[in-house]
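Under the working numbering, think of the first position of the sequence shown as 1289, with each following residue one higher.
Don't read these hints as lab results, they were simulated from the structure. Do not take every clue at face value.
[Said to hold, decoys possible] Beta-carbon label-pair distances, calculated as ranges: (1) Ile-1575 x Gln-1879: 49 to 55 angstroms; (2) Thr-1453 x Ser-1384: 20 to 26 angstroms; (3) Asp-1884 x Glu-1641: 34 to 40 angstroms.
The beta-carbon is built from N, C-alpha and C at its ideal position, and this holds for glycine as well.
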Amino acid sequence: MSVLEQTPHEVEALPAPSKSLGHRLASLPIAARVAALTAAGLISLIVSSILLTQALYRSADRTADTKALFDLAATAAAAHVTFGELRYWLTDLSVSLLMNSQRNAEQARERLLDQLDGLSKSSPDAVREIRVEIDDYVKRALEAADSYTQDNRIIGNALLAEARTHSTNVDAALNKLVEQVSAEAEAARNEAVRLAQKTATTAAILVVIVLLIGSLLTILVLRSIIGPLRRLNRVIGELTQGRYDIEIPIEGGDELGAMSRTLRLFRAGAIEKKRLEDEAEQQRRTIAAALEAISDGFVLFDPQDRVILANSKFCEFFPDHARASLPGQNFQEILEQRLAGGQVDLAGASPEEWIAQRLHIHKDPAGFVGEDRFGDRWVRVSRRKTPDGGAVAVYTDITELKQRQDELERAKSRAESTNEAKSRFVASVSHELRTPLNAIIGYSEMLIEDASDQHMVEFVPELEKIAAAGRHLLALINDILDLSKIEANKMEIFLETFDVADLMRDVGATVAPLMAKNRNGFVLDLEDDLGKMHSDQTKLRQNLFNLLSNAAKFTEGGRVALAVRRDRRPNGDWLIFKVSDTGIGMTSEQQERLFDAFTQADASTTRNYGGTGLGLSITRSFSRMIGGVVKVESELGKGSTFTMEIPAEFKKESSEQHPSEAVPLPPRDKAVLIIDDEPAARTVIASA
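Sequences and hints are given; from them, build the entire structure.
In structure tokens form, the structure reads like this:
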């Protein structure tokens, strides 16, 4: 007969429930039964503790009284001894008449009086009589000593005899007091012993009662729990062996009943789990078929780095591994077999280092994407952690892509070489153009001066147009040359320390004619105590001139402002330069390409206002070179605000350029030799 068949009969064979204490306990929840058992034990313990505590307190009080009586007896005996010392020294005083004997007698009397004070609370009448006798004794003994001192021996002997009478009385009284206190102490001790024996007997009886009650309640509670638990344990054993058709008994409404219902749910869950496992196996086979259809190698590892699943494409990258042997194989074993096959470029590392590096990446991939060579093929390996702690890897053949990348790299190298040649050409051509332009500008200025001196003013406007056009062209060539230097990374930084406020006032004076040209008001707003800067003054000045000239050019009859303040930050002080205007403004699309070289807001801007679009590009490059940044905020039709932030102290790490310190030379009264290969330039310089 199976366990399933036995259980119902066992349940039916149980005796009919009665209204006994055991049945009432069985109807309670287990927690309530344990609580009742605990409460009964606690109550028994508390009651017994209270009774024992009361008995112990009484015994302790009796013991304390007994101790106090024994202390009194000891004090009385000590007083008797002290009186003997007093009598000895007084007798010695009568015989020797020494002051030392008198002092010892006084000390003994003081101790005796202190001891009598301790006895006065228990026997006040007896102590009072003893004090009187002692005082009379001391008085007569001292009078006898005085008589002996005066050679009145007859009177001294009489007084000494009277003193002995008082001494005898004191001895008798002290002996009586000692006997009385000792008797009381002995009686108290006997009573304390009796109470202690009674307390011990009571404690033993209470312990036996508590043990009996606790044992009875424990047996009842355990019987109400263990029996049903054994039945449920048999059912659990059947369920763990996969016998889900077993009948689970109903044990009532307590925790055991809840356990019985839980077992029913567990059985239902186990049946459902078996069904889901079958479905999961079917899905696994479907996924495996789908993985075979993809063109990339795929492998899945469990949390112990063992292969769970791999497609045939993955096996192509590892020809030494048979597909049937891959599941369950460790990732380190795969690496070792790959090393043994000679498919690995160690790049100077030892085999152990190579394996350790691959294992580290595999254990913590964090979305790792790397490239590796498998023979003559390049493969991109993508690894990612799975939620259960395993890993998934995808191997993609990128050999063709790598070939294209190599071609692009070669094309890029050729383009960079071409761009460098272009920069060298622009620098050379710009230099060749600047020399004749300087001559044109110089001759124009000389002709203007000559025409003015000879009162030929009608030629001055035309000559000024020639000079202005030459200066404009020279500025353009300078911008192109600066841009080519920046692109070729040849632009140098010259550092010097200068006063910011002085530089700002100098810049303001320089741009004043530009502001007046378009009837613009100019505001210079300087914060107090701007201090000094250690940077490239020339590049900072050119940046400000570019920003202010742009503001003046795109604003007509409006307002241009330059505001400067010092911003103290944890990493050092910065200077904030804000150039704002009320000009034409820009759209967000125009702002995005504003700092690109040879670019302006749009074609109409170039037609209406002129310019090449190099100024702001150079401004941004110069700002970055000296460790700063330039930003713009603008709204179409309302104006623009350019903000340039530059560190007050240039730091080498803030720029890729290599700065040179500009060392000012003291003025000297010396001649200067200027050499130029252009005759026209030499003529202009000589005429200056």
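Right, here's what the structure says about each hint:
Separated by about 51 angstroms at the C-beta atoms, Ile-1575 and Gln-1879 satisfy the suggested range of 49 to 55 angstroms. Judged by the Cβ atoms, the range 20 to 26 angstroms given for Thr-1453 and Ser-1384 holds: they are separated by roughly 23 angstroms. Take Asp-1884 and Glu-1641: their Cβ atoms lie about 47 angstroms apart, and the range 34 to 40 angstroms is violated.
Hint check: a violation occurs at hint 3 only; the rest are consistent with the structure.
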